[in-house]
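Whenever a hint applies, use it, and build me the whole structure from the sequences.
21 is the number of the first residue of the sequence shown in this note's numbering; add one for each residue after it.
Fair warning: there could be bad hints in the mix.
If you anchor each label on the Cβ, the simulated ranges turn out as follows [as the list claims (entries may be wrong)]:
1. Q60 to R30: 43 to 53 Å
2. V59 to R30: 17 to 27 Å
3. S121 to P29: 20 to 30 Å
4. R83 to G104: 15 to 25 Å
To be clear, the hints were calculated from the coordinates, so they are not data collected in a lab.
Heads up, the beta-carbon is just placed ideally off N, CA and C, and yes, glycines get one too.
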Amino acid sequence: MSAPAVPEPRPPAEALVAVPAPRRPVGRGTSNGNARGNVQDRARRRAWLLATFGDGQTCPCHRCGLTLDDSTITVDRIVPGIEGGTYRRSNIRPACGPCNSEAGARLAHERTHHRLTTGLAP
Numbered sequence: 021m022s023a024p025a026v027p028e029p030r031p032p033a034e035a036l037v038a039v040p041a042p043r044r045p046v047g048r049g050t051s052n053g054n055a056r057g058n059v060q061d062r063a064r065r066r067a068w069l070l071a072t073f074g075d076g077q078t079c080p081c082h083r084c085g086l087t088l089d090d091s092t093i094t095v096d097r098i099v100p101g102i103e104g105g106t107y108r109r110s111n112i113r114p115a116c117g118p119c120n121s122e123a124g125a126r127l128a129h130e131r132t133h134h135r136l137t138t139g140l141a142p
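See below:
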C-alpha cells in the first residue's frame, strides 16, 4: 500500500497578488447595445422606417435607392453616435448595409484626418 498524497502547501495570503480584469477593447465609438434598445425596439424602429419612407413593406435606401425590406434595412443615424446622435425618429433614416457601413468608415477617416492635421480631437 502506498502512502497518501500530501497536498502542496498554499502560499501565504500576503503573497497572493490581485490580477486586474482585462480591459475591453475600444471600438469605433459606436453606441452600446442598450442605446440601440432591445430586439422589440429595433423591430419597431425598422417597421416605422418602412412605413414612413416607403409603403410599409419596402422603402428605398436614402443613399443609393436600393429597395429594402425588413430583412435588408439598417438604421442610419443622421447625426452619428460618436457626435451624440441618438436613435430618435427625428435622427434616423433607412439605409442598406453597404451604404451604412461606408458612411461609418468615412466618418472614422474624417476624424483621423482631423486629428492628424490639427492635433485636436474632433
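Evaluated hints:
| no. | hint | verdict |
| --- | --- | --- |
| 1 | Q60 to R30: 43 to 53 Å | holds, 51 Å |
| 2 | V59 to R30: 17 to 27 Å | violated, 47 Å |
| 3 | S121 to P29: 20 to 30 Å | violated, 57 Å |
| 4 | R83 to G104: 15 to 25 Å | holds, 22 Å |
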